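*Asks:* If you want the building blocks of each chain, they are given just below.
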Amino acid sequence: MGLFTRTTETAPCEVEVSHRFDSLHAHVKFLNGAIIHPGDEVLVHGAPVMAPYGEVVREERTATITRASGIERAWTRMTGDFEFMELCEFSFSEEVSV
Amino acid sequence: MKDLQHSADASTVEEAMAAQNYEQAIVDSEGATALAMQNTLLTPRFYTTDFDEMDAIDVSPVREDWDVLIGQMQADPNKGHFKKNEDWDHIDWEGMEPKLKAEFIDFLVSSCTAEFSGCVLYKEMKRRGNNEDIVTLFQLMARDEARHAGFINDALREAGIAVNLGFLTQKKKYTYFRPKFIYYATYLSEKIGYARYITIYRHLEANPEHRFHPIFKWFKEWCNDEFSHGEAFALLMKTDPKLTSGGNVWWIKFFLTAVYSTMYVRDHQRPAFHAALGVDPDWYAHEVFTKTSEISKQVFPITLDIDHPRWQRGLERLQKANADLAEAKQSGNIFKRIGASARAASAFISLYTIPAKQHDVPVSTRLEPAY
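Chains as they are written, first to last, in the working numbering: chain A, 6 to 103; chain B, 347 to 717.
Hints in this document: simulated from the structure, not taken from any laboratory. Any given hint might turn out to be false.
The calculated DSSO-like cross-link candidates involving lysine-lysine, where the alpha carbons are at most 27 Å apart (straight line), are [to be verified]:
1) K430(B) with K566(B)
2) K34(A) with K518(B)
3) K430(B) with K445(B)
4) K588(B) with K519(B)
5) K430(B) with K447(B)
6) K472(B) with K34(A)
7) K675(B) with K517(B)
8) K518(B) with K447(B)
9) K566(B) with K425(B)
10) K519(B) with K34(A)
11) K566(B) with K429(B)
12) K517(B) with K34(A)
Covered by chain A, per the in silico footprint, the following chain B stretches (three or more residues, Cβ under 8 Å) [said to hold, decoys possible]:
13) 518–525
14) 604–613
Here the structure is a predicted model, which is why all the values come from computation and not from measurement. Every residue, glycine too, gets a C-beta built ideally from N, C-alpha and C.
Construct the complete structure from the given sequences, taking the supplied hints into account.
*Replies:* Below is the structure:
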């Protein structure tokens with residue numbers, strides 16, 4: 006990790022998407038133990054993993070991890086905290102009127 | 347096992363039979379209507395935190411309460427509850443007033459996203475943590491959030507909205523949350539979620555003619571899950587007195603003010619939704635803040651003074667500034683935008699600087715849902 010430079014690496018991963026009434030979730034697990042740090046970006050390769058309704062799909066894919074530069078990592082550490090509002094049910098959406 | 351998208355990719359008969367297009371053709375006639383469905387891409391954030399710090403948590407000081415709570419969650423009293431049954435009334439989506447329909451769908455999508463984001467966050471902690479107590483808790487909470495999200499998804503499907511989980515293959519950035527901020531923010535979001543849902547549930551119990559959708563009938567069990575998640579975070583904060591004293595009290599005040607005022611602003615953006623429920627958003631806000639404050643005394647040494655004359659005035663100013671800001675963004679008027687931002691900031695500061703009410707935190711933390 007450089008102070009200003011980004012590096013990229015690839016990692017095998019397992020994507021699990023569940024589209025069932027009893028669980029709607031989607032997760033990525035890195036199979037080589039890669040660890041994600043603040044500000045890193047992850048791109049899972051290939052077509053979107055789509056689970057039809059009622060199904061759980063698990064697929065092995067490859068992901069590219071773009072490591073944040075030192076500056077970006079520090080910035081994300083400082084400011085990321087303020088994105089917490091998304092956890093509230095009333096937080097989201099761009100529509101504003103009245 | 348690897349699930350196949352299509353039988354065409356199968357190498358054996360068994361695989362082909364198990365492929366999704368087969369199953370879909372047989373059991374899921376919705377395949378045909380799926381194309382006509384409107385696609386809503388969920389875009390949750392992805393978080394990372396200081397996992398070493400979280401692993402260092404020692405729940406020994408609250409062990410007794412902790413084990414009881416985890417035991418309750420493991421017993422899973424709400425298993426099987428979050429699915430449609432005979433109480434699920436038919437909804438005439440076509441006949442629903444368009445403004446109400448739009449606001450209600452927005453409500454469902456934002457609820458689904460919040461549950462989903464919680465699920466992603468909790469699951470990440472479960473995976474990265476090594477502390478057995480913490481890992482168990484986050485696994486249980488991820489289960490509940492995924493369950494709620496699945497239930498909302500069912501309701502959305504009826505309205506012709508297909509939730510798209512394809513976001514994983516888009517580039518996504520991991521943001522950072524300090525552990526203590528996770529406690530403050532998730533504790534509050536769970537407790538205020540409880541207060542919001544139970545207030546609507548009790549209101550509709552008394553005024554069933556306003557229940558325009560069956561999902562509200564499920565709110566009680568739903569918010570009881572939220573309540574127990576909040577309990578777990580309250581116990582976590584109790585393990586370290588520093589988290590709720592000294593300079594951190596300013597952070598607590600900040601989170602309380604931010605969460606309350608965001609809720610106020612957002613709810614006022616859904617006038618048709620609240621009118622259909624027969625709920626005045628100002629009454630509702632006050633009711634929810636009162637309940638949340640009462641509950642949060644279990645662990646926070648302060649509550650906001652929501653009866654202070656500056657409180658309601660500040661909220662209204664914030665709401666107005668926010669609406670103007672959105673309008674300015676749309677019209678691209680940079681001066682209006684700066685003005686509205688400044689007014690929003692000043693309204694928030696005015697709210698934040700109202701002196702808080704101090705009180706003693708009880709020795710025993712645990713509460714049961716009582717509203």
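*Asks:* Could you check the structure against the hints above and give me the numbers of any it violates, in ascending order?
*Replies:* Hints 4, 8 are the ones this structure does not satisfy, whereas the remaining hints hold.
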